[in-house]
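Protein chains in written order, with this note's numbering: chain A, 1 to 233; chain B, 234 to 525; chain C, 526 to 834.
These are computed hints drawn from the structure, not numbers from a lab. Here the structure is a predicted model, which means the values were calculated and not measured. Quick reminder that beta carbons are idealized off the backbone N, C-alpha and C, glycines included. Each hint should be verified, as a subset may be incorrect.
Selected chain C positions facing chain B (in silico; Cβ < 8 Å) [what the hints assert, rightly or not]: (1) Val582; (2) Gly605; (3) Trp606; (4) Pro609; (5) Leu610; (6) Leu624; (7) Leu625; (8) Pro629; (9) Gly635; (10) Glu647; (11) Val793; (12) Ala795; (13) Pro798; (14) Tyr799; (15) Gly806.
Cross-link-like lysine-lysine pairs, in silico, DSBU-like; alpha carbons within 35 Å at most [to be verified]: (16) Lys71(A) with Lys122(A); (17) Lys397(B) with Lys376(B); (18) Lys634(C) with Lys71(A); (19) Lys122(A) with Lys194(A); (20) Lys634(C) with Lys397(B); (21) Lys194(A) with Lys63(A); (22) Lys634(C) with Lys403(B); (23) Lys122(A) with Lys63(A); (24) Lys194(A) with Lys634(C).
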Amino acid sequence: MSMLTVEDVSRSFGGVAAVHRVSFALEPGRIYGLIGPNGSGKTTLFNCITGLERMDSGHVRFKDQRIDGLKASRIAQLGIGRTFQVIRVFPELTALENLLVVTRGPRAEAERRGRQMLEFVKLERLAGEYAGNLSYGQQKLVEFVRVLMTDPALILLDEPAAGVNRTLLNDLLAAVSRLRDEGRTILLVEHDMKVVMGLCETVFVLDHGEKIAEGPPGLIQADERVIEAYFGR
Amino acid sequence: MAVALTPAMLGQVVVSGLLAGALYAMVALGLALIFGVMRVINIAHGPMVMLGAYGTYFLWQATGVNPFLTLPVTMAALFVVGLALQRALVFRVVGAPELSSLLLTFGISIALVNLVQLAFTSNLRTVEYLTGSWIIGGLALSKPRFIAFLFAAGVTALAFAFLKFTRLGKAIRATSQSREVALVCGINVARIHLLTFGLASALAASGGALLAVIVAIQPEMGSVWTFKSFLVIVLGGAGNYPGALLGGLLLGLIEQLASLFLTTQLSEVVAYVLLVLVLLVRPTGLLGGRSA
Amino acid sequence: MTGARGAVLAALALVAAALCVYPVFGTGYGIRATLQVFMWIALAGSWNLISGLTGYVSFGHVAFFGIGAYAGAILITTAGWSWPLAALAGGVAACVLALLIGYPCLRLKGPYFAIAMLGLNEVLRALVSYFEGLTGGGSGLSLPTLDASTPIYYVMGALAAAVTAMTYLIITSRFGLRLMTIREDEIAAEAMGIDTFRHKLGAFLLSAAGPGIAGALTARDQGYIEPISVFPLAVTVTMIVMVLFGGKGTVWGPVLGAVALFVIQEIVWARYPYVHPLLFGAIIVVVVLAMPRGVLGLLQLRYRLPRTI
Numbered sequence: 001m002s003m004l005t006v007e008d009v010s011r012s013f014g015g016v017a018a019v020h021r022v023s024f025a026l027e028p029g030r031i032y033g034l035i036g037p038n039g040s041g042k043t044t045l046f047n048c049i050t051g052l053e054r055m056d057s058g059h060v061r062f063k064d065q066r067i068d069g070l071k072a073s074r075i076a077q078l079g080i081g082r083t084f085q086v087i088r089v090f091p092e093l094t095a096l097e098n099l100l101v102v103t104r105g106p107r108a109e110a111e112r113r114g115r116q117m118l119e120f121v122k123l124e125r126l127a128g129e130y131a132g133n134l135s136y137g138q139q140k141l142v143e144f145v146r147v148l149m150t151d152p153a154l155i156l157l158d159e160p161a162a163g164v165n166r167t168l169l170n171d172l173l174a175a176v177s178r179l180r181d182e183g184r185t186i187l188l189v190e191h192d193m194k195v196v197m198g199l200c201e202t203v204f205v206l207d208h209g210e211k212i213a214e215g216p217p218g219l220i221q222a223d224e225r226v227i228e229a230y231f232g233r
Numbered sequence: 234m235a236v237a238l239t240p241a242m243l244g245q246v247v248v249s250g251l252l253a254g255a256l257y258a259m260v261a262l263g264l265a266l267i268f269g270v271m272r273v274i275n276i277a278h279g280p281m282v283m284l285g286a287y288g289t290y291f292l293w294q295a296t297g298v299n300p301f302l303t304l305p306v307t308m309a310a311l312f313v314v315g316l317a318l319q320r321a322l323v324f325r326v327v328g329a330p331e332l333s334s335l336l337l338t339f340g341i342s343i344a345l346v347n348l349v350q351l352a353f354t355s356n357l358r359t360v361e362y363l364t365g366s367w368i369i370g371g372l373a374l375s376k377p378r379f380i381a382f383l384f385a386a387g388v389t390a391l392a393f394a395f396l397k398f399t400r401l402g403k404a405i406r407a408t409s410q411s412r413e414v415a416l417v418c419g420i421n422v423a424r425i426h427l428l429t430f431g432l433a434s435a436l437a438a439s440g441g442a443l444l445a446v447i448v449a450i451q452p453e454m455g456s457v458w459t460f461k462s463f464l465v466i467v468l469g470g471a472g473n474y475p476g477a478l479l480g481g482l483l484l485g486l487i488e489q490l491a492s493l494f495l496t497t498q499l500s501e502v503v504a505y506v507l508l509v510l511v512l513l514v515r516p517t518g519l520l521g522g523r524s525a
Numbered sequence: 526m527t528g529a530r531g532a533v534l535a536a537l538a539l540v541a542a543a544l545c546v547y548p549v550f551g552t553g554y555g556i557r558a559t560l561q562v563f564m565w566i567a568l569a570g571s572w573n574l575i576s577g578l579t580g581y582v583s584f585g586h587v588a589f590f591g592i593g594a595y596a597g598a599i600l601i602t603t604a605g606w607s608w609p610l611a612a613l614a615g616g617v618a619a620c621v622l623a624l625l626i627g628y629p630c631l632r633l634k635g636p637y638f639a640i641a642m643l644g645l646n647e648v649l650r651a652l653v654s655y656f657e658g659l660t661g662g663g664s665g666l667s668l669p670t671l672d673a674s675t676p677i678y679y680v681m682g683a684l685a686a687a688v689t690a691m692t693y694l695i696i697t698s699r700f701g702l703r704l705m706t707i708r709e710d711e712i713a714a715e716a717m718g719i720d721t722f723r724h725k726l727g728a729f730l731l732s733a734a735g736p737g738i739a740g741a742l743t744a745r746d747q748g749y750i751e752p753i754s755v756f757p758l759a760v761t762v763t764m765i766v767m768v769l770f771g772g773k774g775t776v777w778g779p780v781l782g783a784v785a786l787f788v789i790q791e792i793v794w795a796r797y798p799y800v801h802p803l804l805f806g807a808i809i810v811v812v813v814l815a816m817p818r819g820v821l822g823l824l825q826l827r828y829r830l831p832r833t834i
């Protein structure tokens with residue numbers, strides 16, 4: 001049973017097809033990459049999967065359950081977590097509260113886990129600081145562990161490496177690998193090719209809303225259509 | 234309350250609806266411009282209508298000149314008032330969260346209404362210039378409403394011509410499509426904002442000026458116009474200027490139709506229910522357009 | 526920290542005790558004024574629950590006050606209910622209205638919700654006039670004479686305390702945090718699994734109960750209501766300016782705002798009657814531009830005070 005099946009998903013904005021008949025499947029416990037030139041529809045695709053945007057046609061199945069058409073909050077509750085291209089922490093909540101706010105269950109337990117998460121990314125002393133006051137990198141980390149608080153089976157990361165320094169990036173990537181080892185599935189959108197090549201087992205390539213290639217990083221790198229999409233003819 | 238709908242009644246509904254609709258369209262166009270260009274929800278739009286009515290009233294009292302002919306004066310005056318409001322207050326919330334512009338314009342509308350109340354009391358005023366109706370083929374055509382319709386249609390046509398053909402008008406349309414692109418094209422966005430607010434106020438004022446001959450004037454008369462202008466925009470599609478035209482006429486027709494079957498009090502409810510329904514079913518309006 | 530906490534609690538207890546004892550030796554005017562302040566604390570505090578926490582501005586909130594007044598008055602006059610029960614019924618009626626309005630309207634995005642709420646007041650006034658048989662229409666409704674101003678003082682005081690306490694509980698809970706995420710970034714909140722619609726609806730219902738009860742109590746206290754007296758826009762304006770001034774989204778902001786603006790209103794009314802609505806409009810403009818977080822919000826930011834201020 002695949003973790004996520006995307007079938008024939010399309011989404012247009014006033015005549016321009018942002019995503020056109022994209023299909024792929026994700027197996028559990030693997031890391032996938034989604035790449036493509038700017039404007040190729042990657043974030044739109046993320047939004048369609050997570051319910052933040054309605055798709056014009058197509059189906060999405062999460063663990064064999066149809067999730068297209070469901071509310072975004074419902075989809076998240078089913079076990080899909082995501083981060084955003086532009087960081088979206090809650091600025092007037094503290095770092096710890098940002099983590100607490102997505103949890104259910106006993107509060108004491110949630111606070112304990114929250115502090116643990118902050119320790120994991122070495123931000124425990126900033127637990128009581130308003131998230132809006134944190135640096136870019138710190139906010140990125142908070143957003144990252146916030147996703148993990150709900151124990152998602154599928155994690156969508158939108159440009160996790162953007163604006164992040166090397167050391168922090170290595171920590172993040174190590175964390176992503178650990179998540180995969182725990183059996184979770186990860187799909188990341190990324191422009192940093194080193195990250196994609198180093199981390200992802202399978203890569204999908206979008207260009208002008210269509211999937212033009214799919215395969216292991218090495219093959220994708222050499223694929224003519226991919227090179228054309230990025231560099232032109 | 235089951236009424237047999239005769240062709241004559243339907244005809245009357247259509248005529249009265251169109252007459253009222255033109256006024257709605259003109260005023261709503263102003264609101265649509267402010268929202269389209271600045272993404273500001275101007276709750277003080279209704280009070281602008283009210284100020285236009287008072288302006289016409291006082292001009293008529295002072296000079297005795299045909300109140301329809303003093304329209305340009307009232308429009309010019311309120312254009313300046315709009316400029317002043319934008320320059321002093323509203324510009325500070327352009328680009329801020331919508332909450333701020335909502336609360337700010339709400340505060341301004343309260344201040345305006347109460348200022349007028351203090352200055353002129355809430356005694357009803359009227360401009361008794363033209364009364365009665367022409368009877369044409371069994372249909373009653375209210376004289377003041379018909380003249381108002383002609384002026385409203387004229388002003389609205391001028392406004393659309395301005396938007397479509399003049400350089401400033403095109404700049405306004407460009408800014409409402411994309412502020413960033415307009416900036417890059419060398420458009421002075423701040424000045425466009427000023428101009429738009431002034432223009433919108435002038436449109437509202439002309440609505441009020443024409444109303445002055447038709448209804449009783451009092452400080453609270455504008456608030457229902459704010460609401461109805463929003464309804465028109467929602468019906469026609471936010472950010473869709475020709476949509477305001479269609480929305481206005483549609484609202485006029487729907488209200489007249491409703492008044493056949495319901496008491497006047499309940500027809501207020503109709504407008505409200507209509508707004509909620511349309512927002513729920515098609516938030517981008519009947520003609521499509523940008524969502525908030 | 527317990528030292529400061531203990532001091533605050535002691536101070537609160539002292540104030541509460543003084544207010545309880547006040548009717549014994551206070552003047553008629555003093556008691557009525559304090560009763561009014563209690564009412565405004567309840568109203569402002571309730572408005573804060575929806576608009577201050579979630580950022581969804583309710584411009585028609587006086588509708589709940591009015592519906593509570595009419596529900597209470599009708600039950601007292603036609604069904605002979607006692608006024609305390611009628612007051613509770615007013616709260617329930619307001620909650621039912623909140624459910625009816627909130628269910629469709631809270632699905633709309635913030636600005637559209639605000640617009641929808643703008644018209645609510647007028648609609649209710651029209652409906653009240655329409656159902657004349659029940660409500661007495663434009664001529665209003667008279668209640669059997671009863672001097673209950675002292676018991677009503679206590680009940681209104683309890684209501685003000687209850688609303689403030691409820692605000693405190695909400696703000697310190699995860700429910701409250703989730704409400705705040707709606708204000709901060711509704712889309713991110715949805716993406717994180719927070720059912721924003723249910724939360725908004727919950728806050729909206731909670732915010733209607735206080736005004737509903739206050740409306741019914743006021744109806745009993747005044748002995749007579751008519752559409753214009755219980756659905757005036759001025760009530761919504763006053764609620765809003767009190768919360769904006771005191772600090773929206775805080776616990777004590779609405780209390781501070783209620784006391785401060787009531788005092789200002791009384792002072793201004795004594796010298797220049799009818800000027801205070803204009804003043805309130807101007808204060809809203811100034812606060813939104815210069816002090817959007819209100820007095821307590823500003824202090825909170827400056828001196829890093831806890832959120833429960």
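Status of each hint after checking the structure:
no., hint, in the structure
1, Val582, "5 Å, holds"
2, Gly605, "30 Å, violated"
3, Trp606, "28 Å, violated"
4, Pro609, "33 Å, violated"
5, Leu610, "30 Å, violated"
6, Leu624, "14 Å, violated"
7, Leu625, "11 Å, violated"
8, Pro629, "5 Å, holds"
9, Gly635, "6 Å, holds"
10, Glu647, "6 Å, holds"
11, Val793, "12 Å, violated"
12, Ala795, "17 Å, violated"
13, Pro798, "10 Å, violated"
14, Tyr799, "6 Å, holds"
15, Gly806, "3 Å, holds"
16, Lys71(A) with Lys122(A), "34 Å, holds"
17, Lys397(B) with Lys376(B), "31 Å, holds"
18, Lys634(C) with Lys71(A), "15 Å, holds"
19, Lys122(A) with Lys194(A), "25 Å, holds"
20, Lys634(C) with Lys397(B), "31 Å, holds"
21, Lys194(A) with Lys63(A), "30 Å, holds"
22, Lys634(C) with Lys403(B), "30 Å, holds"
23, Lys122(A) with Lys63(A), "34 Å, holds"
24, Lys194(A) with Lys634(C), "41 Å, violated"
Going down the numbered hints, you'll see the structure goes against 2, 3, 4, 5, 6, 7, 11, 12, 13, 24, while the others check out.
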